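Peer 1: In order, the protein sequence lines correspond to chains A and B. Heads up, the first sequence is in my numbering, so the first residue is 18 and it goes up one at a time. Heads up, the second sequence is in my numbering, so the first residue is 53 and it goes up one at a time.
Hints listed in this document are in silico derivations from the structure and should not be mistaken for laboratory results. Since the structure is predicted, the reported quantities are computational estimates derived from the model, not experimental observations. Hints should not be assumed to be uniformly reliable.
Here are a few chain B residues that face chain A, going by a calculated C-beta distance under 8 Å [said to hold, decoys possible]: (1) Gly115; (2) Tyr117; (3) Ala256; (4) Trp326; (5) Thr330.
Glycine included, each C-beta is placed from N, C-alpha and C at the ideal position.
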Amino acid sequence: MSALKKFLDELRHPSLWQVLGVYLAGGWAVFTVILDVSEWLLLPTWVVRYSLVLLLVGLPVTLVTSYVQQGLSRRDLVPRTGVRRFFTWRNALGGGVLAFAALGFVTAARIVMPAASPQPAAGATVPQLAIFPATVRGGADSFLHEGIVDLLRGKLAVIANLQIVDPGTAIKAAGMQSPEVVLEVGRAATIASERGWGLFILPVITASGGEIRIQASLFDAESPEEPLALADAGGDAVDVFAHIDELAVDLVFAQFGRASARLVRSAFQGTESRAAWENFLRGEQAMRDSQHDVALEAFQSAVEADNTFALAYLRTAIVAALMETDGSFSHLVGSAPNALPGALALADRLDERDQDFLDAYEAFRAGDGDRAEGAFNAMLLERPGDVEARFFLAQTLLRLNPVRGRSPMEARAVFEEVLRADPGFTCPI
Amino acid sequence: MASDSLNTMLKAVRGTGGRTHNELINAVMRGDDQTAEELFALFDARPTAINLSYPLNIAQWGGDYSMAERVARGHTRSENADAIRLAGHLNLARLLVGQGEWGAAALELEGAADVDAEQARMARAVLTTLPFLSIPRDDLERAMEELQRWSPPVAEPGSPPERAYDQHARLYLLGLLSSKLGDGARALEYADAIVQLPDEAETAVPGELATTLRADVAWRQGNSPADVLRALEPLRGQLPAVLYNHPVFGQEHARYVRASALQQAGQNDEALRWLEDTFIASPGQVYYLAPTRYLVAQVLDASGRPEEAAEARTTYLELWSDADAGISPPGS
């Protein structure tokens, strides 16, 4: 027998070990592809589960087929029964293809005809979700303690029928004295429940040797015994913002489904620059602390790091406006004249809420009281918990009512609503 | 409620500067002179990091002119910041005009001129053109000469936003002074010139200034109230945010003229609405309070509400108890 003939015979009649090896390698490759596709397309988790089941079921079928076919070649190992006709390579391969095709069909059907997402009944309130500051361990950057609230708020704001509690309101309500403090689930549930926030997220960030791990649990404030959803992400600490993006997608996917998770994945918050993000988050924190000069410089640094960062332009404009009534700050405020034009030029890079806010705020700045009042009221109809919009509605009434022949005292009730929503709201009185 | 809100805010503010700043506001609200003095000293050492206008505004808005005066005098003693000293002199001048003391106010304007002649010139022009204030002709002519000598430069990038309207403000104030000096024709020429000036931002500002000026001319020339109100019709009631607190652009002058014309026309409810509602917490509330109380008293008398009229008149008389001789709202 020539070497070539022997090799071809081996291929036609492989040993059981060879079949097992080929199946495991092929199965692993198929499973990896399914995992990647599933993650990319945000397929339901059961797709991966059933794929694994099919591959496991296929293993004994393949081994039996191999055994039967080897016996057939030797003619003495396997009796001439129906088993020989059933366990053929053709049947095994065809069965596998059919099983995966069926799984693909069912998956496609679920994607094309998704289960109806629950809509709030007429008159029902849209649930409010509070994102509490993270407990930060192992020397992770402390700005992430509050920063994750801003980051997740930006990502989750795209979910329909959900109101994200204003970051400053949630942070102050949590009352965490330092980033290392643990906010217990029970305490968080009480805080949320007292304020009518139906859902809350508790994040934990752990750093260790250049690696960072971010975990987040979503709870129902009324039954916080078990989280509704859990997610975690991590890796190189340098990529922390990418990890937080990943975490947000996973968390939303687990609770709100594929469509919402896709929206979250595609939500672009405005910058790829880590330096821009860091400065932006420091600016947000300083703004919450009423350190407007520090906030202004931080937002301006964010814009310097990425001059396409629309949200940083918008926040620069807002903090400059809060400061401009004081002549002592004019040397700082004067350096921010391009902030609002910058935000307007890049408005399509903002999420829907921030675009609405920018429209209303631009009218307010231009002194068009009727347009500003209408736009802020429209925002509040959709998002009654938007403390910042309510604050600027009050500012509109305070500043622009006199020139319209109306009393600025109309602002008082609105300011009081701001304080009821957030007793710690610290923008200028 | 305001005090409760403030105390809540004090607990919530985490930045040291913000907390101290709010403590000062709280001290002013409580009338706690000693704490206020200690905090002024603290702020004087860190003049660029705090906002001194709030304590002053709160005292003024609360009608506590004596506390407001102490706050402003504290600012004039600042050894570390010209800007604070200047603000002190200018605020004192406004407070004194609010009490009808034009002579004392003029002295504070001189003090302000020692620190910043340009700011003092603008403040003098604003105060001399106030619609209710009858002051010596010499002072009007001096303000006019100062404005005529002023040649506002083209606003540079990075300069405060209101500088873009310096040229508009100059013509507007010249127009009001001309009107007050009896030269209505000249004032109308200034009104026409204002709308010819370039306005890169294309705001309502030039139109609002020109309209106010034309209405002022009609009002001062004794035209019928209907004419005055007609002259005010083009006002759009728009005011860019950067100019809210600027006394030239805040449209208080137009509101006072409107309220006065409404009162003369016997439209008492409407007059009362403008007088009671639209000067609250405005930049010039401190000097408009007395004359608007005076007009309110007249409107209430005409409406058959003598007790309320007496109350409004008392406020006016208390505020202007030390007013210079010959200083009083028109028709008083």
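Peer 1: Work down the list of hints and note, for each, if the structure agrees.
Peer 2: Taking the hints in turn, this is what the structure says about them:
{"no.": "1", "hint": "Gly115", "in the structure": "violated (15 Å)"}
{"no.": "2", "hint": "Tyr117", "in the structure": "violated (20 Å)"}
{"no.": "3", "hint": "Ala256", "in the structure": "holds (7 Å)"}
{"no.": "4", "hint": "Trp326", "in the structure": "holds (6 Å)"}
{"no.": "5", "hint": "Thr330", "in the structure": "holds (4 Å)"}
When each numbered hint is compared with the structure, violations occur for hints 1, 2.
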